[in-house]
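Number of protein chains: 4
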Amino acid sequence: MAKLGFVGLGVMGSRMVNRLLNAGHTVTGYNRTRSKAQWLLDAGMHWGETPRAVAEVADVVFSMVTDTTALRAVIAGPDGLVAGLGPGKIYVDMSTVSPGESRELAARVAAKGAHMLDAPVSGSVSTLEQGKLSIMVGGDRTVFETIKPILEDIGPKVNHVGGNGQAVSMKIATNVSVAVQMLAFSEGVLLAEKSGIPRKTAVEVLLNSVIASPMLSYRGPFVLEMPGEAWFNAHMMQKDLLLALEMGRQLGVPLPATAVTNEVLTAARAMRLGDQDFAVVVEVLARLSGLNK
Amino acid sequence: MAKLGFVGLGVMGSRMVNRLLNAGHTVTGYNRTRSKAQWLLDAGMHWGETPRAVAEVADVVFSMVTDTTALRAVIAGPDGLVAGLGPGKIYVDMSTVSPGESRELAARVAAKGAHMLDAPVSGSVSTLEQGKLSIMVGGDRTVFETIKPILEDIGPKVNHVGGNGQAVSMKIATNVSVAVQMLAFSEGVLLAEKSGIPRKTAVEVLLNSVIASPMLSYRGPFVLEMPGEAWFNAHMMQKDLLLALEMGRQLGVPLPATAVTNEVLTAARAMRLGDQDFAVVVEVLARLSGLNK
Amino acid sequence: MAKLGFVGLGVMGSRMVNRLLNAGHTVTGYNRTRSKAQWLLDAGMHWGETPRAVAEVADVVFSMVTDTTALRAVIAGPDGLVAGLGPGKIYVDMSTVSPGESRELAARVAAKGAHMLDAPVSGSVSTLEQGKLSIMVGGDRTVFETIKPILEDIGPKVNHVGGNGQAVSMKIATNVSVAVQMLAFSEGVLLAEKSGIPRKTAVEVLLNSVIASPMLSYRGPFVLEMPGEAWFNAHMMQKDLLLALEMGRQLGVPLPATAVTNEVLTAARAMRLGDQDFAVVVEVLARLSGLNK
Amino acid sequence: MAKLGFVGLGVMGSRMVNRLLNAGHTVTGYNRTRSKAQWLLDAGMHWGETPRAVAEVADVVFSMVTDTTALRAVIAGPDGLVAGLGPGKIYVDMSTVSPGESRELAARVAAKGAHMLDAPVSGSVSTLEQGKLSIMVGGDRTVFETIKPILEDIGPKVNHVGGNGQAVSMKIATNVSVAVQMLAFSEGVLLAEKSGIPRKTAVEVLLNSVIASPMLSYRGPFVLEMPGEAWFNAHMMQKDLLLALEMGRQLGVPLPATAVTNEVLTAARAMRLGDQDFAVVVEVLARLSGLNK
Numbered sequence: 005m006a007k008l009g010f011v012g013l014g015v016m017g018s019r020m021v022n023r024l025l026n027a028g029h030t031v032t033g034y035n036r037t038r039s040k041a042q043w044l045l046d047a048g049m050h051w052g053e054t055p056r057a058v059a060e061v062a063d064v065v066f067s068m069v070t071d072t073t074a075l076r077a078v079i080a081g082p083d084g085l086v087a088g089l090g091p092g093k094i095y096v097d098m099s100t101v102s103p104g105e106s107r108e109l110a111a112r113v114a115a116k117g118a119h120m121l122d123a124p125v126s127g128s129v130s131t132l133e134q135g136k137l138s139i140m141v142g143g144d145r146t147v148f149e150t151i152k153p154i155l156e157d158i159g160p161k162v163n164h165v166g167g168n169g170q171a172v173s174m175k176i177a178t179n180v181s182v183a184v185q186m187l188a189f190s191e192g193v194l195l196a197e198k199s200g201i202p203r204k205t206a207v208e209v210l211l212n213s214v215i216a217s218p219m220l221s222y223r224g225p226f227v228l229e230m231p232g233e234a235w236f237n238a239h240m241m242q243k244d245l246l247l248a249l250e251m252g253r254q255l256g257v258p259l260p261a262t263a264v265t266n267e268v269l270t271a272a273r274a275m276r277l278g279d280q281d282f283a284v285v286v287e288v289l290a291r292l293s294g295l296n297k
Numbered sequence: 005m006a007k008l009g010f011v012g013l014g015v016m017g018s019r020m021v022n023r024l025l026n027a028g029h030t031v032t033g034y035n036r037t038r039s040k041a042q043w044l045l046d047a048g049m050h051w052g053e054t055p056r057a058v059a060e061v062a063d064v065v066f067s068m069v070t071d072t073t074a075l076r077a078v079i080a081g082p083d084g085l086v087a088g089l090g091p092g093k094i095y096v097d098m099s100t101v102s103p104g105e106s107r108e109l110a111a112r113v114a115a116k117g118a119h120m121l122d123a124p125v126s127g128s129v130s131t132l133e134q135g136k137l138s139i140m141v142g143g144d145r146t147v148f149e150t151i152k153p154i155l156e157d158i159g160p161k162v163n164h165v166g167g168n169g170q171a172v173s174m175k176i177a178t179n180v181s182v183a184v185q186m187l188a189f190s191e192g193v194l195l196a197e198k199s200g201i202p203r204k205t206a207v208e209v210l211l212n213s214v215i216a217s218p219m220l221s222y223r224g225p226f227v228l229e230m231p232g233e234a235w236f237n238a239h240m241m242q243k244d245l246l247l248a249l250e251m252g253r254q255l256g257v258p259l260p261a262t263a264v265t266n267e268v269l270t271a272a273r274a275m276r277l278g279d280q281d282f283a284v285v286v287e288v289l290a291r292l293s294g295l296n297k
Numbered sequence: 005m006a007k008l009g010f011v012g013l014g015v016m017g018s019r020m021v022n023r024l025l026n027a028g029h030t031v032t033g034y035n036r037t038r039s040k041a042q043w044l045l046d047a048g049m050h051w052g053e054t055p056r057a058v059a060e061v062a063d064v065v066f067s068m069v070t071d072t073t074a075l076r077a078v079i080a081g082p083d084g085l086v087a088g089l090g091p092g093k094i095y096v097d098m099s100t101v102s103p104g105e106s107r108e109l110a111a112r113v114a115a116k117g118a119h120m121l122d123a124p125v126s127g128s129v130s131t132l133e134q135g136k137l138s139i140m141v142g143g144d145r146t147v148f149e150t151i152k153p154i155l156e157d158i159g160p161k162v163n164h165v166g167g168n169g170q171a172v173s174m175k176i177a178t179n180v181s182v183a184v185q186m187l188a189f190s191e192g193v194l195l196a197e198k199s200g201i202p203r204k205t206a207v208e209v210l211l212n213s214v215i216a217s218p219m220l221s222y223r224g225p226f227v228l229e230m231p232g233e234a235w236f237n238a239h240m241m242q243k244d245l246l247l248a249l250e251m252g253r254q255l256g257v258p259l260p261a262t263a264v265t266n267e268v269l270t271a272a273r274a275m276r277l278g279d280q281d282f283a284v285v286v287e288v289l290a291r292l293s294g295l296n297k
Numbered sequence: 005m006a007k008l009g010f011v012g013l014g015v016m017g018s019r020m021v022n023r024l025l026n027a028g029h030t031v032t033g034y035n036r037t038r039s040k041a042q043w044l045l046d047a048g049m050h051w052g053e054t055p056r057a058v059a060e061v062a063d064v065v066f067s068m069v070t071d072t073t074a075l076r077a078v079i080a081g082p083d084g085l086v087a088g089l090g091p092g093k094i095y096v097d098m099s100t101v102s103p104g105e106s107r108e109l110a111a112r113v114a115a116k117g118a119h120m121l122d123a124p125v126s127g128s129v130s131t132l133e134q135g136k137l138s139i140m141v142g143g144d145r146t147v148f149e150t151i152k153p154i155l156e157d158i159g160p161k162v163n164h165v166g167g168n169g170q171a172v173s174m175k176i177a178t179n180v181s182v183a184v185q186m187l188a189f190s191e192g193v194l195l196a197e198k199s200g201i202p203r204k205t206a207v208e209v210l211l212n213s214v215i216a217s218p219m220l221s222y223r224g225p226f227v228l229e230m231p232g233e234a235w236f237n238a239h240m241m242q243k244d245l246l247l248a249l250e251m252g253r254q255l256g257v258p259l260p261a262t263a264v265t266n267e268v269l270t271a272a273r274a275m276r277l278g279d280q281d282f283a284v285v286v287e288v289l290a291r292l293s294g295l296n297k
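Chains as they are written, first to last, in this note's numbering: chain A, 5 to 297; chain B, 5 to 297; chain C, 5 to 297; chain D, 5 to 297.
Keep in mind the hints are simulated off the structure, nothing from the lab. You may find that some hints are simply not true.
In silico DSBU-like cross-links for lysine-lysine, where the CA-CA straight-line distance does not exceed 30 Å [to be verified]:
#, chain 1, residue 1, chain 2, residue 2
1, B, K136, A, K161
2, D, K7, D, K152
3, C, K136, C, K7
4, D, K204, C, K152
5, B, K204, A, K136
6, C, K198, D, K243
7, D, K243, C, K204
8, D, K7, D, K116
9, B, K93, B, K40
10, B, K7, B, K40
If the Cβ cut is set under 7 Å, some of the chain A residues that face chain B in the computed set are [claimed, not checked]:
#, residue
11, L45
12, A47
13, T150
14, P153
15, L295
Quick reminder that beta carbons are idealized off the backbone N, C-alpha and C, glycines included.
Next up, chain A with everything else stripped away, as it sits in the complex (with noise of 0.2 Å):
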């Protein structure tokens, strides 16, 4: 079996280790701080010092950072990932980075006779702990089918999608649908609100129809009640749109949907609502409403 690394043991990172581990590989993992992976060394995995050292021990090696500033964070410099790459491994970026970003890492990773793959994620938390994540891949085909096993055991819903870049293009363009969805399913919720239907029946009503993605099957609710903790918070969504529309506009693309829901998460931000779930864009839309305060 394939000796694994995994740099950035974050939300969604160690909850990929945990099931790699308990699918039985060997994993090696790095994160800034490490006392929150001490769950994971207690489950067996092993401590690299540095994304470089995790890099050189490893066959395949994955990364998991929030963006791009911290991707290039944890792969450039002596200790950074790239520098512990060689002939034949294998690096798998499942980070959500702009596809012009990610290509030229790939670039970077090939001039050291190395292997890059764009794998980014269509779930959350939640759907990765119940074992129902699909992972979208970019990069050579064959590279893909040689690991596709191991990113089964993360997924299970793996699928090449094109080339280096390409994964995380159409990662952008769900996660377009993700947010506007989320914002056109409020507009819904309030007109049905103020038309005198409960909150919670028009909900129900709405989750029964045809416009019920699985998306919106489980984050629709949130409109009810926040949950605690933001599975996917209004500044991280907003940093995947900006993404969106800056490939809008070098590729040519008017995206109005997209420009109005960015929009509604900047005012979002701006009311201080930024850490908590994007369905929070509902209650942009109540204040504007003149409901809540």
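Please arrange chains B, C and D on chain A, whose structure you already have, making use of the hints.
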């Protein structure tokens, strides 16, 4: 078994009558153009010369027409449906009209000693033919319970959502998401396509993700090839969005995503694409992206 | 000198009559509430008991009311303005109503042998009092030339823009910019303010720049302090935008900036700011930016 | 009289230098392509081999380039402008870049013992040639007073608006209105045109109304005939809107009108109209309205 009446035998209405006949009901029908109803007469439907005549012979009478103007045409006047109603009769309007209009009509029906329910459907011809239609019902719950089995013969999913007019409110609140989801999906598809991912692949990936609502599952593929005949064309969809926007203004609910989508539908119609399924918003976006002509 | 009639002596209408009296005209006026017209009666205006009575004694009769509903109330019925018209008389409606409605009314007037012009104004009470009002006129050019001197006594700027209904079309097209310019100005003011520039300085700089339309020159300072009484409140402005959006749909012109501004006005009204001057859009944006309450 | 330096002799910069020469100043200039500056050399301008060389011989040095990337190219490195600065010198950047970038640059300049001002202009080539340019200045007020007479030779309207970076903030806040006003104007023009009013008449009426800002007065007629050469093309305008949207996100100001206008500019560029004056938004709308091709 109750004697049923049905006014409005268009694409949806005729198929509903067919299901009622198949379930063993006696149905008297009326349509402005009789010839279109021949196949139902052949299948055993009786003919009523006027909406009033249909209402007079039926215990429960249904109407299913395209908009407020068409509804007024069949209910009002000496030959109208309301004139044929009397104590104890039940009138079920399945059209999508404004909630206010529906409530006013319910009051006129009540003044005749009869009962009215608004019962718009969620789903299209294809959903209906597959026997998967969902019906939302507004009005008195006891009256609803009385005729629930009949509605289930059309349905099969039937839910009481509130008082008079509240089912059409929910229908409109649902269609907000139907239209906006299609626009957001199109934005994602074009982002992917201009990133170099074949449109077909993009659709597959998106429809395997958390955003795949039942509506998108059947309508999403239209961005690859528009159907020969529209399931619900851009004109019709804009009619529903206008009802939503009108509600939003009266009730005080800003609807940013709906408003933007509505303008894209205006563009579709101005570009002479209004007779196509409203999935044609993808074509509007494509032209704005410099694709197609 | 021609005998004049004037129906609708509100904020705008009464001041127009005052200017006509000052210019030496004989004016017979009507208003729903007579007491509000006392100052004009004191200044020499004659009183008509009904809109019809006013039309009967006048050669040229004007109306100036708030919307379509109010217009119908004064023109229709046995006591209505149209009933008092006859061959050779000229009727000038200065209200802002839908172009279609205006054209229909012109046809009814023509059927009585009289002539109608639509003559909406660009400007507010303050413009009117300063004698800087601009009047756009639709209808027959010869008829227009006949009464042009009278309109100039109200105006002074008077322009013939086209056939019946086309002046109200131009008025609505103008108000699109009035509303949208105010929103864009507010966006700029808040960007500056959150950059650390005092709002007062921002307003000064903006009003010294290329964007300073006459409208912004007098209304821009409202973002510093709203006027005690609205010059044109959010309800009224939304009424005009709805006319524009309705025209856009019927004629096939997508209006993205108008649609977005209209939703902000809906928010203003839902937040109980609808009675304030429509410059209150700045307050909606400020709350969305986490400022004020 | 102070010795002046000028880096960046493009469309705007070269005409500024010309005005300074005409006012009797000694100017040393630098441009990436020397040949474009020949007419200024003929008019008496001295040549500097590098931005650094220009800064070394000047007491007050100006820069005027198209964007952040171009600015970095002239200020940084051993041959860059900053390397030529020293105690007591004054550096005035007239480019439109992000306020944050401008402040960072001011700090670097201060570290050399020199002073920086940001001094973006409001107006275009035509405004400049007519001697009607307005200059906003950010930075230390005393430094500003020192060079105010020189700026007036370019201007003539010169205003101190705040600390470092705040003039570019105001410039960006102004350009929000410039872009949005043009879109709203276009919406009105097309509404009028589809109402049957000749576009020429519509433009005349609108430019005689309260919405006629100086910007619309000169750019509005472009909807009748686009200029042979863009005064400020769609690419450039989108660059400025992106700075605004970026500020909005960072500072927490939702910008609905700006966001929508920005997407129309994306469409213009995707439709290969990006090199035309940004008034070309009217053409995007016209195509969406089924007009033109």
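We went through each hint and held it up to the structure:
{"no.": "1", "hint": "K136(B) / K161(A)", "in the structure": "holds, 28 Å"}
{"no.": "2", "hint": "K7(D) / K152(D)", "in the structure": "holds, 15 Å"}
{"no.": "3", "hint": "K136(C) / K7(C)", "in the structure": "holds, 24 Å"}
{"no.": "4", "hint": "K204(D) / K152(C)", "in the structure": "holds, 22 Å"}
{"no.": "5", "hint": "K204(B) / K136(A)", "in the structure": "holds, 24 Å"}
{"no.": "6", "hint": "K198(C) / K243(D)", "in the structure": "holds, 21 Å"}
{"no.": "7", "hint": "K243(D) / K204(C)", "in the structure": "holds, 27 Å"}
{"no.": "8", "hint": "K7(D) / K116(D)", "in the structure": "holds, 19 Å"}
{"no.": "9", "hint": "K93(B) / K40(B)", "in the structure": "holds, 27 Å"}
{"no.": "10", "hint": "K7(B) / K40(B)", "in the structure": "holds, 22 Å"}
{"no.": "11", "hint": "L45", "in the structure": "violated, 32 Å"}
{"no.": "12", "hint": "A47", "in the structure": "violated, 28 Å"}
{"no.": "13", "hint": "T150", "in the structure": "violated, 21 Å"}
{"no.": "14", "hint": "P153", "in the structure": "violated, 19 Å"}
{"no.": "15", "hint": "L295", "in the structure": "violated, 9 Å"}
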